[in-house]
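In case you want the letters, here they are:
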Amino acid sequence: MKNFYFFIFFLSGTNLWAQKDSIQSITVKYNYAVRGNAAKNVTFKAAYDLFIFPDFGVSVYDNEENIDPKVESPVSNSAVIEWKPKGKNLSTLYKNYAGNEMFLKNHINLRFFVQKDSLTIFDWDIKQESKTILGYNCQAATTTFRGRNYKAWFTTALPVSGPWKFDNLPGAILEVKALDDYVSWEAIGIIVNKQKPDYPKPENPFLSEKALSWTEFKSLYKEKAIAASKYTTKDGEKLNIVTARMGVERYIEQDDEDYQADKMMKKIMNGNK
Amino acid sequence: MKKSLFLAVFLLMTSMSFANVVKDKLYTAVDNGAAASLENPLDTFTTEDSIDDSCSASCYAEIYYLGELRTTVFASTTAGDCVTAITNCLQEAKVKAEKYIAAAE
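Chains as they are written, first to last, in numbering that gives the first Met the number 0: chain A, 0 to 272; chain B, 0 to 104.
Treat the hints with caution; some may be incorrect.
To be verified - The list that follows gives simulated cross-link-like pairs (lysine-lysine, DSSO-like), each with its CA atoms no further than 30 Å apart: (1) Lys93/B - Lys233/A; (2) Lys217/A - Lys176/A; (3) Lys98/B - Lys85/A; (4) Lys265/A - Lys229/A.
To be verified - Stretch-level coverage of chain A by chain B, calculated; a stretch enters the list once three of its residues show a Cβ under 8 Å from a Cβ in chain B: (5) 99-113; (6) 225-238.
Because the hints were derived from the structure by calculation, they are not lab data. All C-beta atoms, glycine included, are put in the ideal place defined by N, C-alpha and C.
Extracted from the complex, chain A is given alone in its bound form (with noise of 0.2 Å):
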């Protein structure tokens, strides 16, 4: 019993020693890919950087200030409409490996609300497949997520981590890919530094704001769906909308019957052909 708390104190105390020599700072530089229709020709490209630091326990994604998000249409079109909402860490994901917690900002409706979620949402299927991507040899794994089909590609040469919500797999994902081609993480570099033990720990942006858990993000959104499905103007026009039922995730499931007015609008659509 002795040598176990003798263990226990020497794990700590080298903990505590590591902490002091240096922050180790690993950051893996994304290229991700939206195909956002159903027949995947409008493309958005953005530049996505993924801040891990196994010391302090959290990870920081967020998109890369210097690029400028592209959207390639084939054809320019004035029915395609870009929002884009101006707000703080808006493109931010922190996961917190310690809490098994990981938070963003997602909205519904064109309003922005803080999701939370576990950071073991993942059921992976590990195979014997392996690649190597930027020298790091990696191993395949495969999972369905809300939705999707995704074939990813992880190191255990690198702490656990992933970008946007992937995670939980032995080492660090550096390529997703959705098996239908719709969303794609593909890792373009990967930068291991030591910082300073002074480094500060990246603090949670979302903390001052509730968070919803994905069950109440979900209810939330198919009765804001609902709600805009009946939307008028403050001079009585009805504006017909149809909020999508899913993207990366699946908010409303095909089957719900509650939901009906993008089958509805199709109906009318094809009714008037």
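Please arrange chain B on chain A, whose structure you already have, making use of the hints.
Only chain B this time, still in chain A's reference frame:
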């Protein structure tokens, strides 16, 4: 004489049919042009229904955020011809979408 008359009537009928085909193609081309840029979960981008001297068109504007389709705003208009109806419809859908964004923000 009979042959000439028959030929004239035949030519007239053929050119009328051709004109109709061209007219239809024009509308289809406008429709496809819009549809090609978007494609959509609702199978069609614009629909038109020509009755007598007017044409009704239905269409929608799509609001994207970070490349993801989030909201679709529908509109419908009627005009003297289908090209005008579709053009007006797209404009109206866009205006409605912008009104919705302004109200929501």
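Hint check against the structure, violated hint numbers in rising order = none
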